[in-house]
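Going down the list, the protein sequences come from chains A and B.
Everything in the first sequence is counted per this note's numbering, starting at 1 for the first residue and increasing by one.
Everything in the second sequence is counted per this note's numbering, starting at 1001 for the first residue and increasing by one.
Do not rely on the hints blindly, as some may be mistaken.
[Stated by the list, open to error] Here are the computed distance ranges between Cβ atoms for each label pair:
(1) A/Lys-237 / B/Arg-1135: 53 to 63 Å
(2) B/Pro-1119 / A/Ser-60: 51 to 61 Å
(3) A/Glu-73 / B/Lys-1097: 55 to 65 Å
(4) A/Gly-188 / B/Val-1215: 44 to 54 Å
(5) A/Ser-60 / B/Met-1176: 27 to 37 Å
(6) B/Pro-1093 / A/Ser-60: 43 to 53 Å
What the hints contain is simulated information worked out from the structure, not anything from laboratory work.
These numbers were taken from a predicted model, which means no experiment stands behind them.
Cβ atoms here follow ideal geometry from the backbone N, Cα and C, with glycine treated the same way.
As a plain string of letters, each chain reads:
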Amino acid sequence: MAAPRSFALWGYCDRGWSRLMPGCRLPGFRSCWPGCPLGARLLSQQKRATETHFGFETVSEEEKGGKVYQVFESVAKKYDVMNDMMSLGIHRIWKDLLLWKMRPFPGTQLLDVAGGTGDIAFRFLNYVQAQYRGKQKRQVRAQQNLSWEEIAQKYQNEEDSLGGSHVMVCDINKEMLKIGKQKASAQGYKAGLAWVLGDAEELPFDEDKFDVYTIAFGIRNVTHIDRALQEAHRVLKPGGRFLCLEFSQVNNPLVSSFQVIPVLGEVIAGDWKSYQYLVESIRQFPPQEEFKEMIEDAGFQKVTYESLTSGIVAIHSGFKL
Amino acid sequence: MATQLLRALGPLRLLQRSPGPAADVPLRAASHGTSLLYPEHIPTSPLQKALLAVGSAGMALYNPYRHDMVAVLGETTGHRALKVLRDQMKKDPEGAKILQERPRISLSTLDLGQLQSLPEGSLGREYLRFLDVNRVSPDTRAPTRFVDDEELAYVIQRYREVHDMLHTLLGMPTNMLGEIVVKWFEAVQTGLPMCILGALLGPIRLSAQNLQVLVSELIPWAVQNGRRAPCVLNLYYEQRWEQPLTSLREELGITDPPTPH
Chain A
1 MAAPRSFALW GYCDRGWSRL MPGCRLPGFR SCWPGCPLGA RLLSQQKRAT ETHFGFETVS
61 EEEKGGKVYQ VFESVAKKYD VMNDMMSLGI HRIWKDLLLW KMRPFPGTQL LDVAGGTGDI
121 AFRFLNYVQA QYRGKQKRQV RAQQNLSWEE IAQKYQNEED SLGGSHVMVC DINKEMLKIG
181 KQKASAQGYK AGLAWVLGDA EELPFDEDKF DVYTIAFGIR NVTHIDRALQ EAHRVLKPGG
241 RFLCLEFSQV NNPLVSSFQV IPVLGEVIAG DWKSYQYLVE SIRQFPPQEE FKEMIEDAGF
301 QKVTYESLTS GIVAIHSGFK L
Chain B
1001 MATQLLRALG PLRLLQRSPG PAADVPLRAA SHGTSLLYPE HIPTSPLQKA LLAVGSAGMA
1061 LYNPYRHDMV AVLGETTGHR ALKVLRDQMK KDPEGAKILQ ERPRISLSTL DLGQLQSLPE
1121 GSLGREYLRF LDVNRVSPDT RAPTRFVDDE ELAYVIQRYR EVHDMLHTLL GMPTNMLGEI
1181 VVKWFEAVQT GLPMCILGAL LGPIRLSAQN LQVLVSELIP WAVQNGRRAP CVLNLYYEQR
1241 WEQPLTSLRE ELGITDPPTP H
């Protein structure tokens, strides 16, 4: 979508030009002025490239993004099949629960980050449409007449069954977006949907733009979770809601699925290593309380979480107030 | 012809194979604590091996074009048979040399120009012709991953690379019928459970006419030759390129196939 129109501070750091976000943490300094010859000073203050985890492996932060990209590029085509296999179809219920928790009304602007194959987006559109139809039925039953505009629209098949709702699906991975678009056209979703290539740590949107921000099973793949949370805070309207659906810490049941999931990946998709990464990245994700604190650090308030299916997944929710 | 071969660098076979693993997802040697025995090694628990064996068998039957599943089945079920094969190879002088020198058959190790220049009827020339006619390449073999012994991993890799040689030796094409015949031969020779399963279950997907030919003529021929011939893994094929195919067949006791294919 359009690049932010607001003035963006550009700062030079050892990784090249990057847009400075409020409260962003670049190594070695707090504030930065555009055009300042920081290059020389920064190079002398240069820290060793920080490391992070990729599953159980330790990699540099620069590497992680690329490696995660490759994982999802190779699993994209079989992503939905594998989700069904790994969760025995229960992931559909988790996603439904996320929507029920969200309770969007017609007119909601949703941003679904890391939403590649479109599961959340399609559910959102279905929900909003069902709401609209429900409202119409109620009106008719209460013998309220529809306004003449609505009647005219109905006859012309022009009625906006979404009531102004819109969902933006943002994903960093082209393959996943491709699969999502194919699904959308196969299932007949046209209106109210947009697909954007973008990085959760640096969203290509203006601030105060969306009513709801969701990220389902995506945030554990982000290299800097805190940055993603800050971006979420930025693009939400005041009063907007942050929702995150993610795997969570459970003691025993995951031990055997740890073993089974890479096997399933090998047999079904011919790809052991990507699914090995997926299960390891689940293990690496912080537990519910810690993640709640991270969300609060980003500026969200009234942060709560709800564990589902005895803790296998958790939905975290926060508000920008 | 070599260019034809290079151009057709396994696209047919590659299309039939499922997508491979993600490009450079890192090995987890350090974090797992167990060092990897060879570059492609993936350590697996007994439970995982059992699940892999069952899953790959099912998937291979469901989708016969999943050659990688056949390979996985072989690796997870072949431990005992591989040990027997390895010991057999050690006893034979040529086989022991192979175990020591670890030759690999791939397009990078084969000298195609030299093979092409060999006289008609020699092993090298016929092998090249086989690759060309069937539009296959030796590079499309998946590397061994689930075998937990480094030498046995080589043995099964060698077995896979020698598979095309067997096609040439037996004069069998790479269609379903030809593959099943070679599997019968291999089952008798190697005793690998994967070969036995493939030999027994492969015919399920054949037409009635082919099945009849298979059972009445081809299988008895394959079994007879398999029993009579010494272990084919003991042959250092790379040093036998000039040997005429007929003389090699005589040496192994392989008779001509029953009907021309």
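### Query
Any of the earlier hints contradicted here, and which numbers?
3, 5
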